[in-house]
Amino acid sequence: MKVTSLTGLLVLLAMILPVKSGEKPEFLPQLTSTDALSVAEQVDSLLDASFVEQGVTPTAPAHDEDFLRRVTLDLAGRIPTPAELTRFRQAGEAGKRPLVIDKLLETDEYAATWASYWREVIYSRATESRSRRSQGIFQKWMTEQLSENRPWDEITIDLLTATGDTQVEGSTGFLFAHGGDPAELAGETSRIFLGIQIQCANCHDHPYDQWKRQDFHELAAFFPRVRVRSQKDGDKRTFIVESADKERGRGGNFDPQRVFKFLDRDRDGKLTAEEAQRNKQFGKRFARVIEIGDKDGDGALSQAEIKNLPMPQQGQGRGTPEYFMPDLDNPSEPGTKTEPVFFVDEASVPFGTKDLDRRSSLADAMTSPENPWFARAFVNRVWAEMVGQGFYTPIDDMGPERVAQQQEVLDTLAAGFVANAYDIKWLFRTIANTRAYQRSVQTEDEEPLPAFAAMTPTRLRGDQIYNSIAQVLGGMTDAGPNLAQGKGMGMRGMSGPERQRAAFGQLFNYDPSTPQADIVGSIPQALFMMNSQVTNAASGKGQLKRLLKSTDNDSLALKAIYVRVLSRKPTDAELSICQEHITDVEDRTEAYENILWSLMNSSEFLTKR
Amino acid sequence: MHVTRHEQVGLTRRGVSRRSFLHAVSAGAVAAGTLSFRDLLSLQAAELRKQGRSMILLWMAGGPSQFETFDPKPDHENGGQTEAIATSVPGIRIANGWEKTAQVMDDIALIRSMTNKEGNHQRATYQIHTGYVPSGSVKHPSFASSIAKQISSEDLDLPAFVSVGQTEGAGFLGVEYEPFVVQSPGEMPRNVAATVTNDRVKQRLGLFSKLEGEFAERGGRDIVESQRQLYNKTANLVLSEQTKAFDISEEPDELKAAYGDTEFGRGCLLARRLVETGVSFVEVRKQGWDTHEDLYDRVSNLSAEVDPAYATLITDLKQRGLLEKTVVVWMGEFGRTPKITPRGGRNHYPRAFNLALAGGGIKGGQIIGSTTDDGSAVEDRPVSVPDLLCSLCHSLDVNPRHEHISPLGRPMKIVDGGEVVSELFA
Numbered sequence: 001m002k003v004t005s006l007t008g009l010l011v012l013l014a015m016i017l018p019v020k021s022g023e024k025p026e027f028l029p030q031l032t033s034t035d036a037l038s039v040a041e042q043v044d045s046l047l048d049a050s051f052v053e054q055g056v057t058p059t060a061p062a063h064d065e066d067f068l069r070r071v072t073l074d075l076a077g078r079i080p081t082p083a084e085l086t087r088f089r090q091a092g093e094a095g096k097r098p099l100v101i102d103k104l105l106e107t108d109e110y111a112a113t114w115a116s117y118w119r120e121v122i123y124s125r126a127t128e129s130r131s132r133r134s135q136g137i138f139q140k141w142m143t144e145q146l147s148e149n150r151p152w153d154e155i156t157i158d159l160l161t162a163t164g165d166t167q168v169e170g171s172t173g174f175l176f177a178h179g180g181d182p183a184e185l186a187g188e189t190s191r192i193f194l195g196i197q198i199q200c201a202n203c204h205d206h207p208y209d210q211w212k213r214q215d216f217h218e219l220a221a222f223f224p225r226v227r228v229r230s231q232k233d234g235d236k237r238t239f240i241v242e243s244a245d246k247e248r249g250r251g252g253n254f255d256p257q258r259v260f261k262f263l264d265r266d267r268d269g270k271l272t273a274e275e276a277q278r279n280k281q282f283g284k285r286f287a288r289v290i291e292i293g294d295k296d297g298d299g300a301l302s303q304a305e306i307k308n309l310p311m312p313q314q315g316q317g318r319g320t321p322e323y324f325m326p327d328l329d330n331p332s333e334p335g336t337k338t339e340p341v342f343f344v345d346e347a348s349v350p351f352g353t354k355d356l357d358r359r360s361s362l363a364d365a366m367t368s369p370e371n372p373w374f375a376r377a378f379v380n381r382v383w384a385e386m387v388g389q390g391f392y393t394p395i396d397d398m399g400p401e402r403v404a405q406q407q408e409v410l411d412t413l414a415a416g417f418v419a420n421a422y423d424i425k426w427l428f429r430t431i432a433n434t435r436a437y438q439r440s441v442q443t444e445d446e447e448p449l450p451a452f453a454a455m456t457p458t459r460l461r462g463d464q465i466y467n468s469i470a471q472v473l474g475g476m477t478d479a480g481p482n483l484a485q486g487k488g489m490g491m492r493g494m495s496g497p498e499r500q501r502a503a504f505g506q507l508f509n510y511d512p513s514t515p516q517a518d519i520v521g522s523i524p525q526a527l528f529m530m531n532s533q534v535t536n537a538a539s540g541k542g543q544l545k546r547l548l549k550s551t552d553n554d555s556l557a558l559k560a561i562y563v564r565v566l567s568r569k570p571t572d573a574e575l576s577i578c579q580e581h582i583t584d585v586e587d588r589t590e591a592y593e594n595i596l597w598s599l600m601n602s603s604e605f606l607t608k609r
Numbered sequence: 001m002h003v004t005r006h007e008q009v010g011l012t013r014r015g016v017s018r019r020s021f022l023h024a025v026s027a028g029a030v031a032a033g034t035l036s037f038r039d040l041l042s043l044q045a046a047e048l049r050k051q052g053r054s055m056i057l058l059w060m061a062g063g064p065s066q067f068e069t070f071d072p073k074p075d076h077e078n079g080g081q082t083e084a085i086a087t088s089v090p091g092i093r094i095a096n097g098w099e100k101t102a103q104v105m106d107d108i109a110l111i112r113s114m115t116n117k118e119g120n121h122q123r124a125t126y127q128i129h130t131g132y133v134p135s136g137s138v139k140h141p142s143f144a145s146s147i148a149k150q151i152s153s154e155d156l157d158l159p160a161f162v163s164v165g166q167t168e169g170a171g172f173l174g175v176e177y178e179p180f181v182v183q184s185p186g187e188m189p190r191n192v193a194a195t196v197t198n199d200r201v202k203q204r205l206g207l208f209s210k211l212e213g214e215f216a217e218r219g220g221r222d223i224v225e226s227q228r229q230l231y232n233k234t235a236n237l238v239l240s241e242q243t244k245a246f247d248i249s250e251e252p253d254e255l256k257a258a259y260g261d262t263e264f265g266r267g268c269l270l271a272r273r274l275v276e277t278g279v280s281f282v283e284v285r286k287q288g289w290d291t292h293e294d295l296y297d298r299v300s301n302l303s304a305e306v307d308p309a310y311a312t313l314i315t316d317l318k319q320r321g322l323l324e325k326t327v328v329v330w331m332g333e334f335g336r337t338p339k340i341t342p343r344g345g346r347n348h349y350p351r352a353f354n355l356a357l358a359g360g361g362i363k364g365g366q367i368i369g370s371t372t373d374d375g376s377a378v379e380d381r382p383v384s385v386p387d388l389l390c391s392l393c394h395s396l397d398v399n400p401r402h403e404h405i406s407p408l409g410r411p412m413k414i415v416d417g418g419e420v421v422s423e424l425f426a
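Each protein sequence line maps, in turn, to chains F and G. Start counting the first sequence at 1; every next residue gets the next number (this note's numbering). Start counting the second sequence at 1; every next residue gets the next number (this note's numbering).
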């Protein structure tokens with residue numbers, strides 16, 4: 001569908017909009033019912049049937065303590081407290097899991113932890129490093145959206161159509177993260193919101209991919225008018241995301257003849273500084289232009305000198321009202337002027353369309369229920385984060401040429417997500433209630449099971465580790481002096497605790513789009529856990545001191561420490577290792593400090609199991 | 001090179017084992033009891049062959065202009081106002097602002113005919129750091145990590161790859177070859193010093209590794225194994241005397257002044273100390289070369305910091321007899337456009353750019369390749385990124401076609417394609 005006029009554009013919008021009322025598009029399966037629990041049941045039936053066919057038996061359901069730790073980490077970003085564990089264990093069986101899921105979804109922690117997830121998704125790949133100073137503003141905005149449970153399509157539309165001061169409007173975060181660069185924005189828009197890595201086609205066609213280089217650049221053509229402008233207000237510097245719908249005098253359609261005719265008032269064939277002042281922009285830059293272009297050194301510009309002025313040779317897409325697809329053989333040439341076309345449904349807008357119209361029409365086409373990739377991309381991400389494995393791996397590399405595991409399950413969830421008008425909490429509730437989510441981890445002695453027949457343990461995100469340490473220590477106050485040394489972008493104007501969290505994050509955060517297999521700890525992380533004031537703050541004082549005073553019974557004390565740190569009771573083997581250690585060390589406090597240190601440094605503490 | 005005698009601490013499932021006699025063997029292999037005495041001897045011999053080879057990468061992030069560094073064009077309008085100065089080698093002229101580097105030109109080989117296709121910072125940086133263009137599906141190990149894996153000595157307690165500033169990681173090569181990132185060069189990195197006595201550290205590590213076994217059996221085997229490797233490496237670092245290398249305070253003031261009291265100067269001095277201690281690969285980053293505007297002011301500030309540090313590094317390595325085994329690379333991700341823009345800057349230009357090499361068997365005092373008078377194209381002897389990496393492998397005595405196997409079973413050469421630039425080596 002090509003649209004060549006503004007009226008055409010309106011028609012196009014009118015065609016897209018009505019579909020958004022939750023009608024089921026063709027590509028998604030029919031659901032018997034669309035409420036969370038029944039979709040969870042449909043998902044499990046599909047998986048069960050597949051496991052029967054493969055002749056495998058999934059692992060048993062996770063114990064209460066494992067389940068509660070898992071779901072609290074996923075939905076509240078921290079480990080459960082000992083009191084929460086006790087309460088959950090003691091509650092009657094019927095319906096307690098769905099109940100705790102609902103309860104966690106209503107906490108402030110739910111919105112905070114997922115806002116930090118999205119902050120890492122966006123900023124881990126930021127190409128404009130100065131954008132990191134607005135991370136906090138973005139996160140605050142995202143927290144509000146999640147807290148209000150705004151639908152995913154509305155959040156996406158906001159992120160793609162934002163304008164304003166990046167220090168005020170959190171929704172500008174995504175556009176600022178790439179400095180408004182059309183090619184970067186095209187790549188990241190497609191990767192994050194559609195799970196399609198079309199940026200691979202930036203430079204050349206891939207023989208095995210459906211979408212070509214042209215498609216990538218047509219997507220970039222929705223963004224050439226996004227401008228990120230630096231603004232100084234006294235001491236404060238900020239960046240403004242805005243539309244640049246007017247010509248900006250450099251590159252683009254700069255016509256030397258016209259400029260000359262307009263400015264050369266005395267018609268002497270020379271432009272002087274005085275004449276140049278007729279055009280404000282040109283006047284401001286005249287000194288600079290003379291420096292570069294005044295070949296005969298007479299302090300004025302002749303027509304020929306103007307014509308020979310060097311033009312910007314790259315980044316033509318930036319700051320010009322239309323996008324130019326670069327010529328790979330001649331990177332110094334302007335390239336081919338390219339019309340915006342959305343590669344999934346071929347929706348397009350004509351040259352000359354205003355910035356916000358361009359971006360809205362793309363956002364609308366992308367979030368349309370007719371676009372299968374939008375719902376799938378979100379479902380795949382959330383499922384992978386919770387169940388430990390995505391339908392597609394890496395989670396942001398889907399597309400028609402990739403093969404999904406259990407495609408039907410993915411599409412069932414996507415259909416439910418569309419039918420529930422992209423209700424984010426609906427999706428969390430559904431996934432958390434599946435048996436697939438609630439299975440135990442596979443132990444060593446069994447044959448490796450296929451995807452989703454067992455829980456896959458995953459490494460916690462920095463934010464979850466931070467919250468869990470705080471939980472163990474009963475607050476992070478002792479950590480202050482050490483953590484706050486961290487220097488970094490985006491910490492200005494933060495409160496002490498926020499600053500600590502940010503400094504910790506610099507060490508422990510990772511890009512959540514990275515496949516789990518590629519996520520490994522680093523030496524600086526291990527050094528932090530081993531030697532920092534934080535883990536050593538647990539020594540001898542506070543919690544531990546009180547605990548040791550309260551009981552001489554090592555078995556009881558050890559149980560309490562295990563429940564606090566690992567949210568479970570110790571095994572008999574662990575109890576005897578610890579008891580032996582207590583005997584060896586002689587000093588009881590020292591021995592317990594060592595035990596607490598060992599548990600906080602353990603791989604289990606850093607893992608969702 | 002000084003080698004300190006030290007005690008290696010290995011974490012085993014039964015606790016900590018102390019060995020001060022087996023220097024050349026990985027803690028894991030010994031712990032597993034898989035190596036015979038004969039194996040140990042041959043391993044040691046293999047280590048000796050490669051001993052002491054290392055690389056220092058001085059990374060000019062943002063893409064330095066060739067016209068304002070080592071390929072000035074004072075006779076062409078594209079050359080702008082930059083002048084060419086004489087060097088210690090007759091016939092070789094470089095840009096003004098690099099007066100100290102000019103004095104050590106006998107040790108430097110310039111490549112003026114680098115050519116590449118990636119004009120985006122991240123892609124080009126990734127490509128030159130890994131040898132592969134970025135792809136959505138594979139995270140390639142960095143070249144530095146591959147090199148560290150090939151040549152690092154088991155004697156070393158420090159990480160084999162240290163970077164001043166963030167850089168590309170080890171990918172599937174694992175924790176052991178991840179870059180150890182230093183943020184403030186010259187100071188002891190944070191948390192390296194233990195807060196309790198070394199005996200207590202060992203006591204804790206012993207308990208820790210026994211307790212880890214339980215989670216391994218309950219389905220966390222891979223995670224536990226990766227944590228064990230990490231803690232092995234980290235414990236060796238914490239307990240080692242070699243960490244003194246990070247602290248430059250004991251260096252003579254005169255030498256510190258020669259490197260320059262700047263972040264980059266301290267980074268270069270740190271690089272020398274690390275290489276001297278046996279670190280295989282050190283990267284030192286200098287940001288700010290993305291000169292889309294205010295070219296001359298910005299480059300002159302940059303060269304004022306980089307020139308003395310770079311020249312002093314070469315002199316210092318040479319005086320200590322380290323230059324022969326240490327290849328020093330000065331480069332960025334691409335060059336800059338021949339034409340100066342109306343904003344007084346130069347844009348990205350991968351088609352023709354330059355770099356400088358020294359040490360590691362490189363024959364100094366020569367120029368490889370050239371560009372056309374206007375600087376827009378390579379005139380002769382084009383050198384590609386794989387050619388460069390193959391040449392570096394040659395200097396480091398590493399086979400560029402050595403294959404690492406990715407977790408999915410896909411073999412991946414350290415360098416795919418390219419040939420050694422033989423003129424570089426005497």
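In case anyone wonders, no lab produced these hints; they're calculated from the structure. Just to be clear, a hint being listed does not mean it is correct.
Claimed, not checked - With a straight-line cut-off of 20 Å between C-alpha atoms, the simulated SDA-like cross-links for lysine to any residue are:
id, chain 1, residue 1, chain 2, residue 2
1, G, Lys73, G, Arg298
2, F, Lys569, G, Asp374
3, G, Lys117, F, Thr336
4, F, Lys295, G, Lys256
5, F, Lys337, F, Thr272
6, G, Lys73, F, Lys261
7, F, Lys425, F, Leu37
8, F, Lys559, G, Lys73
9, F, Lys569, G, Gly213
10, F, Lys295, G, Pro134
11, F, Lys337, F, Lys261
12, F, Lys295, G, Asp374
13, F, Lys270, F, Ala300
14, G, Lys413, F, Glu169
15, F, Lys236, F, Glu106
16, G, Lys202, F, Ile582
17, F, Lys140, F, Lys96
18, G, Lys202, G, Glu217
19, G, Lys202, F, Asn536
20, F, Lys232, G, Lys256
21, F, Lys232, F, Phe262
22, F, Lys569, G, Glu214
23, F, Lys261, F, Ser243
24, F, Lys232, G, Lys73
25, F, Lys559, G, Arg218
26, G, Lys413, G, Pro134
27, G, Lys202, F, Glu580
28, F, Lys212, G, Lys244
29, F, Lys232, F, Ala300
30, F, Lys96, F, Ala60
As the list claims (entries may be wrong) - Computed, partial: chain F to chain G, Cβ under 7 Å:
id, residue
31, Gln516
32, Asp518
33, Ala526
34, Ile582
Please read all numbers here as calculations on a predicted model, not as lab measurements. Don't be surprised by glycine CBs; every beta carbon is placed ideally from N, CA and C.
Comparing the hints with the structure gives:
1. Lys73/G <-> Arg298/G: holds, 19 Å
2. Lys569/F <-> Asp374/G: Not OK: Lys569/F and Asp374/G at ~74 Å, beyond 20 Å, violated.
3. Lys117/G <-> Thr336/F: holds, 18 Å
4. Lys295/F <-> Lys256/G: Given pair Lys295/F, Lys256/G is violated - Cα atoms ~46 Å apart, limit 20 Å.
5. Lys337/F <-> Thr272/F: Given pair Lys337/F, Thr272/F is violated - Cα atoms ~33 Å apart, limit 20 Å.
6. Lys73/G <-> Lys261/F: violated, 35 Å
7. Lys425/F <-> Leu37/F: Cα-Cα ~13 Å, so holds.
8. Lys559/F <-> Lys73/G: violated, 75 Å
9. Lys569/F <-> Gly213/G: holds, 16 Å
10. Lys295/F <-> Pro134/G: This hinted pair is violated, its Cα atoms lying about 43 Å apart.
11. Lys337/F <-> Lys261/F: violated, 26 Å
12. Lys295/F <-> Asp374/G: holds, 17 Å
13. Lys270/F <-> Ala300/F: This hinted pair holds, its Cα atoms lying about 6 Å apart.
14. Lys413/G <-> Glu169/F: violated, 47 Å
15. Lys236/F <-> Glu106/F: violated, 37 Å
16. Lys202/G <-> Ile582/F: The hint holds at about 15 Å.
17. Lys140/F <-> Lys96/F: Violated, at about 32 Å.
18. Lys202/G <-> Glu217/G: violated, 24 Å
19. Lys202/G <-> Asn536/F: holds, 15 Å
20. Lys232/F <-> Lys256/G: violated, 38 Å
21. Lys232/F <-> Phe262/F: It is violated: about 32 Å lies between the C-alpha atoms, which goes past 20 Å.
22. Lys569/F <-> Glu214/G: holds, 13 Å
23. Lys261/F <-> Ser243/F: Violated - the C-alpha atoms of Ser243/F and Lys261/F are around 29 Å apart, more than 20 Å.
24. Lys232/F <-> Lys73/G: Violated: Lys232/F and Lys73/G sit about 37 Å apart, past 20 Å.
25. Lys559/F <-> Arg218/G: holds, 18 Å
26. Lys413/G <-> Pro134/G: holds, 15 Å
27. Lys202/G <-> Glu580/F: holds, 16 Å
28. Lys212/F <-> Lys244/G: With Cα atoms ~54 Å apart, Lys212/F and Lys244/G exceed 20 Å; violated.
29. Lys232/F <-> Ala300/F: violated, 32 Å
30. Lys96/F <-> Ala60/F: Distance of about 18 Å is within 20 Å: holds.
31. Gln516: violated, 10 Å
32. Asp518: Holds - the Cβ of Asp518/F comes within 7 Å of chain G, reaching about 5 Å at its closest.
33. Ala526: holds, 4 Å
34. Ile582: violated, 10 Å
Hints 2, 4, 5, 6, 8, 10, 11, 14, 15, 17, 18, 20, 21, 23, 24, 28, 29, 31 and 34 from the list above are not met by this structure, while the remaining hints are.
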